[in-house]
Amino acid sequence: MSKKDDKHPEVPTTGHSWDGIEELDNPLPRWWLWTFYACIAFAIYLFIWYPSWPISTKGAWAGLGHYSSRADVAKEIKKYNDANAAVDKRLASADLNAIEKDPELNSYAMNGGAAVFRTWCAQCHGAGANGAKGFPSLIDDDWLWGGTIQDIHQTVSHGIRYAADPDTRDSEMPAWGDQLSKAEIANVVQYVLSISGGQADKAAAKAGATVFADNCAACHGEDAKGGRDFGAPNLTDAIWLYGGDVKTITKTVTYGRKGVMPAWSGRLSESQIRQVATYIHQQGGGE
Amino acid sequence: MTNSAEEPPKLYAAQEPIFPRRVYGFFRSLKWSLMIVTLGIYYITPWIRWDRGPNLPDQAVLIDLSTRRFFFFWIEIWPQEFYFVAGLLIMAGLGLFLFTSALGRVWCGYACPQTVWTDLFVTVERWIEGDRNARVRLYKAKWDAHKIRLRLTKWFVWLLISVATGGAWVFYFADAPTLLQQLVHGSAPYIAYVFILSLTGTTFLFGGFAREQICIYMCPWPRIQAAMMDEDTITVAYRAWRGEPRGKHRKSADADKLGDCIDCNACVNVCPMGIDIRDGQQLACITCALCIDACDGMMAKVGKPRGLIDYMALTDEARERSGKPPKPVWKHILRLRTIIYTVLWAGVGAFLIAALFLRSNIDFNVSPVRNPVYVTLSDGSIRNTFNLRIHNKQGQAHRFMISVTPKGIFGTTVQGQKDGMVTVPADETGSHKLFVTAFRNSPAAKAGLTDIRIWVEDMETKDRVYKDTVFNGKGR
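The listed protein sequences derive, respectively, from chains A and B.
With this note's numbering, the residue at position 221 of the first sequence is 221, and numbering never jumps.
With this note's numbering, the residue at position 59 of the second sequence is 59, and numbering never jumps.
Bear in mind the hints are in silico, worked out from the structure with no lab data behind them.
Nothing here was measured: the structure is a model prediction, and the numbers come from that model.
Be careful, since some hints might not be right.
[Said to hold, decoys possible] Derived list of chain B stretches under chain A, where covered just means 3 residues or more per stretch with a C-beta under 8 Å from a C-beta of chain A:
#1 10-19
#2 196-206
#3 433-442
[Unchecked claim] Calculated lysine-lysine pairs in the DSS-like style (CA-CA distance at most 27 Å, straight line):
#4 LYS75(A) with LYS89(A)
#5 LYS202(A) with LYS258(A)
#6 LYS304(B) with LYS324(B)
#7 LYS446(B) with LYS474(B)
#8 LYS225(A) with LYS206(A)
#9 LYS225(A) with LYS258(A)
#10 LYS248(B) with LYS251(A)
#11 LYS462(B) with LYS446(B)
#12 LYS301(B) with LYS248(B)
#13 LYS462(B) with LYS418(B)
#14 LYS327(B) with LYS304(B)
#15 LYS446(B) with LYS247(A)
#16 LYS327(B) with LYS101(A)
#17 LYS154(B) with LYS140(B)
#18 LYS154(B) with LYS101(A)
#19 LYS327(B) with LYS393(B)
#20 LYS133(A) with LYS474(B)
#21 LYS101(A) with LYS89(A)
#22 LYS474(B) with LYS247(A)
#23 LYS467(B) with LYS418(B)
#24 LYS418(B) with LYS407(B)
#25 LYS446(B) with LYS467(B)
#26 LYS446(B) with LYS133(A)
#27 LYS182(A) with LYS251(A)
#28 LYS258(A) with LYS182(A)
#29 LYS474(B) with LYS225(A)
#30 LYS225(A) with LYS407(B)
#31 LYS140(B) with LYS10(B)
#32 LYS133(A) with LYS182(A)
#33 LYS10(B) with LYS101(A)
[Stated by the list, open to error] Quick list of the computed label-pair ranges, beta carbon to beta carbon:
#34 THR342(B) with HIS66(A): 37 to 43 Å
#35 LYS407(B) with ASP214(A): 45 to 51 Å
#36 PRO51(A) with ILE48(B): 44 to 50 Å
#37 LYS407(B) with LYS258(A): 43 to 49 Å
#38 VAL11(A) with GLY247(B): 22 to 28 Å
#39 LEU283(B) with PRO51(A): 42 to 48 Å
#40 VAL136(B) with LEU64(A): 43 to 49 Å
Backbone N, C-alpha and C define an ideal beta-carbon position, used for all residues, glycine too.
Excised from the complex, chain A in its bound form (with noise of 0.2 Å):
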């Protein structure tokens, strides 16, 4: 079927014919062959020279040249600590408060806390650093045990009720089920409600006033104001940690509070630390 096409007498066609256009039968160039077979050959030499063949259920052939990509990022993170070094050693025994006054520790400290953060921290406090119920928010400007650059260094240091620490911040919430009436607690959730903008029953909250001035100002103040030597929360604010619900405030009376945050003084570096803080420092809560 292949026939000569009348301009091109000396190429065959391959007999294909589409709207009587005809495809000729053009030889491949020879160089084009020749590509080819460097390709094989470059194939070969990739097989050999780099990991491939998985030999047995042990490994793989790890090449000639003994290529790792994992040894590459190794080596790689090496080259940044090595260049990080100076600010690193510097950042670890610098005053807290020059940190962020210092353009280079203050960037360095910002991106290498930013890193912390997310593998350590964000588990419990979120990744925009909000919080959840139960776990502070890091970005209000509502702090339990303080927000100055030390209050968190020691926090995220030694941790709080973390018992394996004895430099821990510690302090307890009790249980009142066990020393309060039903009907104290149910009035002095009412009182802590409307000392805090809630809409509250005015004669149990002046009745749970005096249960609040007896058994709760110790630790929250007078004022309700919280203390931040024991880590007790402010009443009067618009944020709760665990809900400022009725049902909630009457658990939390009931049955007590102890949150616990590890701490992080021997599984950071003391540079860690520093970053971390700054980090947290910076998000927008900081004192």
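Let chain A serve as the given structure and place chain B on it in line with the hints.
Chain B alone, transformed into the frame defined by chain A:
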């Protein structure tokens, strides 16, 4: 008619060597000038200096990948203005469409780097090894001392050109004088050597050996061009009605039955693609027009009018054959297709020029923090956080005032600043955190979304720019 039964067609064919002959004429001269201009632009551009003040590079054309900036004389393109580059590429594409539909493969024939460098390499070849006949003889000769000497000389000169070509490329990406010093001292960045080496290799291979194979087998453009050409496209063609039947003119009786083509093969011998234009339009023809020069020279010698091979449109062939004059050139060029390409091309160009003059010297991005969308503060007010990136495209550090409208219903603070004022160093991008607070029980705090506008004012120039965004309240 089949020959596949007795003798199957060959699957692979060796490259046919091509020995283009020296030619003189208008189009050859035009190509020489274009070669000088295009090569000149390529080699010299990185060395042009352009003063931009103390903090910026003084190279007129510089693609600075380290700071992600593109400098072109008085224009400075930042990465977020990459649409300028995209626009230029679109214009280049539309320009090619326009030229192809009007004038066929002029790009291929005159301006394509592959054509220009191959032309240069062939010229070198001719200087060293002689013109067509000498080169054919040398090709067939045994590898004796003479042939080896000529070949080595030729390859050496090719290599010099290739190194200069690969070398010029890297100067577009770094300060040329500094990089040249580094290259000479062996202290240039590793990547510079990689590029010089690979571009030297490709120039040497493509210009010296691959040549027409690149156009025929590798380049996609010839295939795409077929879609842009039609019977009105002016392209290089052979006036078959005038030339045929071809034959050597003799002083014999039947000489006047012959056409003007004297079958001297001059057009074939000068062709860098090794084709015969008398076969008609074909894929391999790059319309370099050298066959026109060759044929015109021959026609002058035998006392015939020029233009047996000429720039012409396909429709003219039929008209001329029937004795009618060809359509005027402007009628071929001015048609719907070329008008559409021109309008599109000019439209993109006008847009780019307008964008270039309208763009501000300050530019900023707002990205609202959406995790969380808002924060409740202890006094019950609602706060949103916005990450601002302010680009200061000026040669000096400037102070910028950040504010929010509508005024009076929000409190604003900038992280680390007391007065909403930030300083961005010259030619840098400053990252700042803007806190916007709606007071307790204010409409914005209670609503779902409130439209707000963030302003950045340059305190030095008083330029103001804004970005619209939304404030998230508790209502959603």
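Now for the hints, and whether the structure bears them out:
1. 10-19: That given contact holds, which follows from 6 residues of the stretch 10-19 of chain B lying within Cβ reach (below 8 Å) of chain A.
2. 196-206: This one is violated; 0 residues, fewer than the three required, reach chain A with a Cβ under 8 Å.
3. 433-442: The restraint on the stretch 433-442 of chain B holds, since 3 of its residues have a Cβ under 8 Å from chain A and three suffice.
4. LYS75(A) with LYS89(A): holds, 20 Å
5. LYS202(A) with LYS258(A): violated, 30 Å
6. LYS304(B) with LYS324(B): holds, 20 Å
7. LYS446(B) with LYS474(B): holds, 5 Å
8. LYS225(A) with LYS206(A): Since the Cα atoms of LYS225(A) and LYS206(A) sit roughly 18 Å apart, the hinted pair holds (cutoff 27 Å).
9. LYS225(A) with LYS258(A): holds, 19 Å
10. LYS248(B) with LYS251(A): violated, 114 Å
11. LYS462(B) with LYS446(B): violated, 35 Å
12. LYS301(B) with LYS248(B): Status holds; Cα separation ~14 Å.
13. LYS462(B) with LYS418(B): Answer holds: LYS462(B) to LYS418(B) is near 20 Å, not above 27 Å.
14. LYS327(B) with LYS304(B): holds, 23 Å
15. LYS446(B) with LYS247(A): It holds: about 24 Å lies between the C-alpha atoms, which stays within 27 Å.
16. LYS327(B) with LYS101(A): This hinted pair is violated, its Cα atoms lying about 79 Å apart.
17. LYS154(B) with LYS140(B): With a Cα-Cα distance of about 17 Å, the restraint between LYS154(B) and LYS140(B) holds, given a limit of 27 Å.
18. LYS154(B) with LYS101(A): Violated. LYS154(B) to LYS101(A) sits at ~66 Å, over the 27 Å cutoff.
19. LYS327(B) with LYS393(B): violated, 54 Å
20. LYS133(A) with LYS474(B): Within the cut-off at roughly 17 Å; holds.
21. LYS101(A) with LYS89(A): holds, 17 Å
22. LYS474(B) with LYS247(A): Satisfied, since the Cα-Cα distance of roughly 22 Å is no more than 27 Å.
23. LYS467(B) with LYS418(B): Holds. LYS467(B) to LYS418(B) sits at ~22 Å (cutoff 27 Å).
24. LYS418(B) with LYS407(B): Given pair LYS418(B), LYS407(B) holds - Cα atoms ~18 Å apart, limit 27 Å.
25. LYS446(B) with LYS467(B): Holds. LYS446(B) to LYS467(B) sits at ~23 Å (cutoff 27 Å).
26. LYS446(B) with LYS133(A): holds, 22 Å
27. LYS182(A) with LYS251(A): With Cα atoms ~11 Å apart, LYS182(A) and LYS251(A) stay inside 27 Å; holds.
28. LYS258(A) with LYS182(A): holds, 21 Å
29. LYS474(B) with LYS225(A): holds, 25 Å
30. LYS225(A) with LYS407(B): Since the Cα atoms of LYS225(A) and LYS407(B) sit roughly 32 Å apart, the hinted pair is violated (cutoff 27 Å).
31. LYS140(B) with LYS10(B): holds, 24 Å
32. LYS133(A) with LYS182(A): holds, 25 Å
33. LYS10(B) with LYS101(A): violated, 78 Å
34. THR342(B) with HIS66(A): 37 to 43 Å: violated, 60 Å
35. LYS407(B) with ASP214(A): 45 to 51 Å: For ASP214(A) against LYS407(B), whose Cβ atoms are near 49 Å apart, the range 45 to 51 Å holds.
36. PRO51(A) with ILE48(B): 44 to 50 Å: holds, 48 Å
37. LYS407(B) with LYS258(A): 43 to 49 Å: For LYS258(A) against LYS407(B), whose Cβ atoms are near 47 Å apart, the range 43 to 49 Å holds.
38. VAL11(A) with GLY247(B): 22 to 28 Å: holds, 25 Å
39. LEU283(B) with PRO51(A): 42 to 48 Å: holds, 45 Å
40. VAL136(B) with LEU64(A): 43 to 49 Å: For VAL136(B) and LEU64(A) the Cβ distance comes to about 48 Å; the hint holds.
In summary, the numbered hints that this structure violates are 2, 5, 10, 11, 16, 18, 19, 30, 33 and 34.
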